[in-house]
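K.L.:
Next come the chains, spelled out residue by residue.
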Amino acid sequence: MSGVGLLSFANPRGVVALAAVAVLVLLYLYDRRRRTIPVGTLFLWQQIPSPARERQRFRPEPLFWLQLLALTALIVALLRPVLEGAAPPPTGAPLVLVLDVSASMQAAESTGSRFAEARRRAAARIAALDPADDVLVITAGTRPTVALRWTNDRAVLRAALEGLSPDDTPTDLAPALELARGLAGERPGTRIAVFTDLAPEASGLDPAARARFDYVQIGRSDDNLAIAAVTVSAPPFHGPTDTTVTVDVRNYGRTTREVVLDARVGGAPWARRGLTIAPRATEHVLLTRPPASGVLQLDLASDDALAVDDHATAWIGPGAPLDLLLVTDSRELADTFGEIAAAIAGSRVEVMSRERFESAPPAGRRVALLDGFVPATVPLATNALYVAPPAGNAVCPSRGRREDAVVVDWDADHPALAGLGALQALSVTGASELDATEWGAPIVLAAAARSAFPLLIAGERNGRRTACLGAELGGPLASSDRVPLLLLTLATVRWLAEPFGPSALVVETGRPVLAGAGPTTPITGTGIEIVGEPPVVTAARAGIARLGPPGGERMVLANLFDDRESDIGRNDDGEWPATIQDAPVSPARRGRPLTLWVVAAALALLVVEWAAWRRTQVRR
Amino acid sequence: MSRAADGPPESPAPAAPGAVGGALAIEARTALGIDDLHRFDGLALHVRRGMGERPGERRFPGRAQASGVEVESYSAYTPGDDLRHLDWNAVGRLDTLVIRRFTAEREVLFHLLLDVSASMDAPPADGKLASARALTLALAYIGLAASDAVRVTCLGDTTTTSPVYRQRRSALAVARLLAGTEVGGRLALGAALEDYARRHGESGAAFVVSDFMTDPAEVERGVLALQARRFEVHLLHLIGASELDPAGSFTRGVLVDVETGALHPMTLTTAVAARYREVLEQHLAALRAVAERTRCSYSRYVAGSDLAAFVAGDLAAHGMVRRR
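Going down the list, the protein sequences come from chains A and B. At position 538 of the first sequence the residue is numbered 538 (this note's numbering), and the sequence of numbers has no breaks. At position 315 of the second sequence the residue is numbered 935 (this note's numbering), and the sequence of numbers has no breaks.
For the record, the hints were derived by calculation from the structure and aren't laboratory data. Keep in mind the model is a prediction, meaning the values are calculated, not measured. Just so you know, even glycine gets a beta-carbon here, dropped at the ideal spot from N, CA and C. Check before you lean on any hint, since a few could be wrong.
Computed from the model, here is a short list of chain A residues facing chain B with C-beta under 10 Å [what the hints assert, rightly or not]:
(1) V232
(2) R272
(3) T276
(4) D329
(5) R570
Pair ranges (Cβ atoms, derived) [claimed, not checked]:
(6) B:R908 <-> A:W613: 56 to 64 Å
(7) B:A745 <-> A:W65: 34 to 42 Å
(8) B:G868 <-> A:W65: 35 to 43 Å
(9) B:A893 <-> A:G274: 21 to 29 Å
(10) B:P885 <-> A:A127: 33 to 41 Å
(11) B:A745 <-> A:A578: 34 to 42 Å
(12) B:G868 <-> A:V608: 22 to 30 Å
(13) A:D172 <-> B:P699: 39 to 47 Å
(14) A:A478 <-> B:D661: 40 to 48 Å
(15) A:H238 <-> B:P699: 17 to 25 Å
(16) B:A893 <-> A:Y30: 23 to 31 Å
(17) A:R450 <-> B:H938: 51 to 59 Å
(18) A:H238 <-> B:R668: 50 to 58 Å
(19) A:W65 <-> B:T890: 33 to 41 Å
Which stretches of chain A does chain B cover? Using the computed rule of at least three CB atoms under 8 Å from a CB of chain B, they are [what the hints assert, rightly or not]:
(20) 36 to 46
(21) 280 to 291
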């Protein structure tokens, strides 16, 4: 039961009837023929102050005040007021705290970081509660997390708040607010306080839903420079010195900034560029001829408000030369690959007949091109490309041979086809019509008379990378007509060889990515989570982490490339208290009911209002 | 698959665009009937740069290549050159192996980027969205009818990207895509164009259809990102009648920003209307300045006005469209 002094209310839920006051005001405003006009944007109109604010001011007539009094009396009657013999005990309400822990909360303001300010205000909010009131804490990053279940132990609460820190991830506030509403529903009367640097309009909830939250927006500074994107382009079978890197550096502030971009590869200096970036502009920096392969570390020497996006990492692969086991009985094909090996420095092509391969397959980590046949067994460490597989085999099922097929479609995003841009010119005189497989996906489609079929299938089979190419490699591959087929074959071989060299998994913070084959146990670095089957990697912290046992480890390079997080500038901060609140459940208490008296007062006011209205009618 | 073709080469010949069911529903949402598309026959999208990788019918002088139709230049023979292109007359006269080089003939991929954020449907009476859909469909049809490749992308709360279309009959698929796209949400145009440029490495010509009701610096940011990826950029500005002259739509009320929900009370007096025209002119001048700075073309289309006249008149005058 809630009350003020000696007056309490037996039906506090009736407070929702106060909405009728808003209805009355709305009806009054409607009567003044006010209306809303949707416009695409306000940024033009906001440069024009309305000249008629005086006339729009709310100045109701006396009749309105009488109607309001009568309505208020009826609402009070609905609350069933009771006159108590003694003052009621102090009451409070449970509280759900929602703290934004996204990267932008690390931004520095004049009073410290945004997150420190949010934590300070949350602690003040807890201090204002009744000691018996329970509190629940939710953090909002890319997904919501209950950081602390319901408790009224203030020491535990303080420790929990001190233990929280912002991640390096983007924000998704709406799910956290929905979770808070769901958990608050367990305890009627619970208030929900949200501490974030997002404007209420950017919270993902409509205004009606937001009205249930005490919304606190923190932060104003827009002083931020960021590495917004990094693109690494590496030609196949070339050394790392032919790799190029494009770095997008963006100024999110409203003043021109000068900054130095420093690039290091494997700890060794590579390049250092001074940049002058106009407000809200992006500089695209091209870096060429890296000194070595390895982890590329990019740093902006900046003293801006948000440090996490001033650093980025990427991977420059070693670019291993061609190393191929060619299993074929075709002398011509062997000669062709011999010429290719001679043309690419450091390459090696070992040719072997089918019969010899089937009797004694070589061991070791190799990429094998199996021309026109599918052996019963392939060594465990061999990643195989089956070319023109015969009908009836179990690995690359095919429905026979087709003549004069042309490529009609391909998955340009598949890493095996990275850098290929001329597949539309590929026509094959003879091809095996492959069937779909469970282990792989068709990444190149061809069409012949009246049907389309997979020409190249790639995937993982029994833990090894495997590919099936329907095209036959007979004839002079180096002729201009067949160069696209040769390039497709070499690109597939390169993809098959990838797991044998050092590599790194490059991810964006907060975005789940398939881990692929290899070790999945973090050994160094923080903020890496790997769950599920197949394993999925999610990074909460930007930087470098290592997975797996020593010796067989691989790196995870996590970056924050999120425009919304880096664009930290806000027009305003402030607090928006909840305008809709569930009333707490309170036990009935004895006292002298006043409902009838209040109803009588309401009726009397209605009579007075009716009389006043009659008088105005008579005058007119 | 990111580059879906229109189908196997032996697929049946294209049907007449008007003979397809569902056309009425599409027409209702695009303000352009499928039959009306024939008005744009004989036109082609003009491009100065944006040469693609795939062989096509567009000629790009100055980019000589090893094979083709039109001889552009000669070069000394080097091992690996196609012997069919040796100029035997020159060999006879000069006793030197000379190879013919040909004018590059490539396909141009036209990226039609349509803004479908909530502002494109405000106020609804202006019909900006229907006009934008009609303009996009007309451009797609012109491109497809001229044997160019077209990809349509709707930029909104969620980005919808079509496959690459290459056949005239695919205009119906484009119309269905446009008619099926729901308007809504908030769009940061600069970031969206940057993201598009990052995800689509194949160069070409990009037509950005939007009301550009945003900070011109955002537009410039997006244009520069597209140009960094070697796109030739054209800005097509959709503007509603009530945006040009708000006096016809209200005199007093509360303006609501459909994307942010922000409110702004306003009474439209003569002085306010004059000031609004001034502010709008400044905004339009800023957009034109962005186009001049970035050397991209810019054209403005008032929603609901004659589309055929705009395409064959304004766009042709700005060099975006030409007669075949």
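K.L.:
Now look at each hint and say whether the structure bears it out.
P.N.:
Right, here's what the structure says about each hint:
A cut of 10 Å between beta carbons decides the hint on V232 of chain A: the least distance to chain B is about 13 Å, and the hint is violated. Hint status for R272 of chain A relative to chain B: violated, with the closest Cβ pair at about 22 Å, above 10 Å. A hinted interface residue such as T276 of chain A counts as satisfied when its beta carbon comes closer than 10 Å to some beta carbon of chain B; here the least separation is about 15 Å, so the hint is violated. A hinted interface residue such as D329 of chain A counts as satisfied when its beta carbon comes closer than 10 Å to some beta carbon of chain B; here the least separation is about 28 Å, so the hint is violated.
This hint is violated: R570 of chain A has a C-beta 13 Å from the nearest C-beta of chain B, more than the 10 Å allowed. The hinted range of 56 to 64 Å is satisfied by R908 of chain B and W613 of chain A, whose Cβ atoms lie roughly 59 Å apart. A C-beta distance of roughly 38 Å is found between A745 of chain B and W65 of chain A, which places it inside the suggested range of 34 to 42 Å. As the Cβ distance of G868 of chain B to W65 of chain A is approximately 38 Å, the hint placing it in 35 to 43 Å holds.
Distance hint check for A893 of chain B and G274 of chain A: the Cβ-Cβ separation is about 49 Å, which falls outside the suggested range of 21 to 29 Å. For the pair P885 of chain B and A127 of chain A, the supplied restraint of 33 to 41 Å holds, since their beta-carbon distance comes to about 39 Å. Evaluation of the 34 to 42 Å hint for A745 of chain B and A578 of chain A yields a pass: the beta carbon distance comes to about 36 Å. Evaluation of the 22 to 30 Å hint for G868 of chain B and V608 of chain A yields a failure: the beta carbon distance comes to about 45 Å.
Look at D172 of chain A against P699 of chain B: about 59 Å separates their beta carbons, and that is not inside 39 to 47 Å. Between A478 of chain A and D661 of chain B the CB atoms are about 44 Å apart, so this pair conforms to the stated range of 40 to 48 Å. The supplied range of 17 to 25 Å is met by H238 of chain A and P699 of chain B, whose beta-carbon atoms lie about 21 Å from each other. The supplied range of 23 to 31 Å is met by A893 of chain B and Y30 of chain A, whose beta-carbon atoms lie about 25 Å from each other.
Under the hint 51 to 59 Å, the C-beta atoms of R450 of chain A and H938 of chain B, about 45 Å apart, miss the expected range. Distance hint check: the CB atoms of H238 of chain A and R668 of chain B are about 33 Å apart, inconsistent with the given range 50 to 58 Å. Separated by about 36 Å at the C-beta atoms, W65 of chain A and T890 of chain B satisfy the suggested range of 33 to 41 Å. Interface restraint, the segment 36 to 46 of chain A with chain B: holds (11 residues with C-beta to C-beta distance below 8 Å; minimum three).
Remark: the segment 280 to 291 of chain A is confirmed as covered by chain B, as 4 of its residues place a Cβ nearer than 8 Å to a Cβ of that chain, reaching the required three.
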